[in-house]
Amino acid sequence: MPSLKDLRNRIASVKATQKITKAMQMVAAAKLRRAQSAAEAARPYAERMEVVLGNLASGITVGPETPRLLAGTGADQVHLLIVCTAERGLCGAFNSSIARLARDHANRLLAEGKTVKIICVGKKGYDILRRQFAQNIIELIDLRSVRQIGFDNAEQIAQKILGRFEAGEFDVATLFYSRFRSVIAQIPTAQQIIPAQLEATGVSSDAVYEYEPEEGEILATLLPRNLTVQIFRALLENAASEQGARMSAMDNATRNAGEMIKKQTQTYNRSRQAMITKELIEIISGAEAL
Amino acid sequence: MATFNFELVSPERVLFSGAVDAVVLPASEGDMTVLSGHAPMMTTLKTGFLVVTSTPGNGTRVLVRGGFADINQNGLTVLAERALPAEELTHEILDKEILQAEMAWDATNDPVARQAAESAIAQLREAKEALTY
Chain A
0 MPSLKDLRNR IASVKATQKI TKAMQMVAAA KLRRAQSAAE AARPYAERME VVLGNLASGI
60 TVGPETPRLL AGTGADQVHL LIVCTAERGL CGAFNSSIAR LARDHANRLL AEGKTVKIIC
120 VGKKGYDILR RQFAQNIIEL IDLRSVRQIG FDNAEQIAQK ILGRFEAGEF DVATLFYSRF
180 RSVIAQIPTA QQIIPAQLEA TGVSSDAVYE YEPEEGEILA TLLPRNLTVQ IFRALLENAA
240 SEQGARMSAM DNATRNAGEM IKKQTQTYNR SRQAMITKEL IEIISGAEAL
Chain B
0 MATFNFELVS PERVLFSGAV DAVVLPASEG DMTVLSGHAP MMTTLKTGFL VVTSTPGNGT
60 RVLVRGGFAD INQNGLTVLA ERALPAEELT HEILDKEILQ AEMAWDATND PVARQAAESA
120 IAQLREAKEA LTY
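For the record, the sequence lines run as chains A and B.
Sequential numbering of the first sequence, starting at 0, is according to numbering that gives the first Met the number 0.
Sequential numbering of the second sequence, starting at 0, is according to numbering that gives the first Met the number 0.
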């Protein structure tokens, strides 16, 4: 049976924790709003890009002239997984669910006898994946010093990936991130980015388009840019998802702390009352004995 | 004068959206003006000023870097990797961009990339000159 002082201390510590989680929840809510509007502002660009590329790709038949970013290297042996996670923890299952998706994917590929290479964007995913795939991880990209993700960050990552692709280090690249659906729903997603998967929209087929310079040349300049845009979008979605996940995780934690405080206060009051009763009985029985 | 729909989109935000009279584009094969009823076409852009005219005799200048323009029956869409309205532009920003382009030039030995970086530097210098007026 803990003493009254122990109970008081415990209540005080849970209260302090509750204050922290509450503050974290509010910070996450404010950051979420910013991240969400950034993700929404980036959407038109990515959508336009997709439409234009779809139009271009639908007019091109895959041949030896097709850029390798679209047609692939012709092999399917070496896979690159780009795992985007958060830099910080305390955001529920956010990091672990992305890492789990990547791990399952990697295990499947390894079982098929393929070679797997991993680039981690964000420290948390690296921490999780390092345990199993220490020799597969080729790079860790740290974005901790970045407050608001800009296009430049995505560009740097894209340049690194493109450099490796040009050097023939891998055949297929897949991007792992969490898609932001709502504050309570974030969906871990795997998206193949090299070779690019474009949906032919076929909208413009009736209009006669003029291309300046040639169609193939435009496509060749657009494909690397599309890679950057896809990564940028993934990073923004990830940032919004992270804040959403943290917000709901901290909301839960605050609620749990509240329940715990309630329960412990009850125990505390009960034992205090028992103590008083006990003392009263002692006094009364002492008086009676006289 | 007939107007058409123009959208200027950068990865981070939509900079302009609305009806305009004319837009001068720094297309990669030479500057071009787009008026309403232009034939559908697509072109890549070089670094330079894009001039938007929404009322006669009045133009807004925007510096665009690396992008492309898509003209179709719905209007003109410019997707620019980097877009800075002339009002937000200062010599410092341009100097930074020039430095970046020069670093890109230093970083590569590929003649095509070098040429691209070279022309970007020249265009940025030109933009810096033009800004003074």
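Simulated from the structure, these hints should not be mistaken for lab results.
Some hints here could point you the wrong way.
Said to hold, decoys possible - List time: in silico DMTMM-like cross-link candidates among lysine to aspartate or glutamate, alpha-carbon distance up to 25 Å:
(1) Lys30/A x Glu11/B
(2) Lys159/A x Glu117/B
(3) Lys159/A x Asp109/B
(4) Lys159/A x Asp250/A
(5) Lys159/A x Asp141/A
(6) Lys95/B x Glu154/A
(7) Lys14/A x Asp250/A
(8) Lys159/A x Asp30/B
(9) Lys30/A x Asp151/A
Note to self: For a quick check of understanding: which of the numbered hints are violated here, in increasing order?
What the structure shows: 4 and 8
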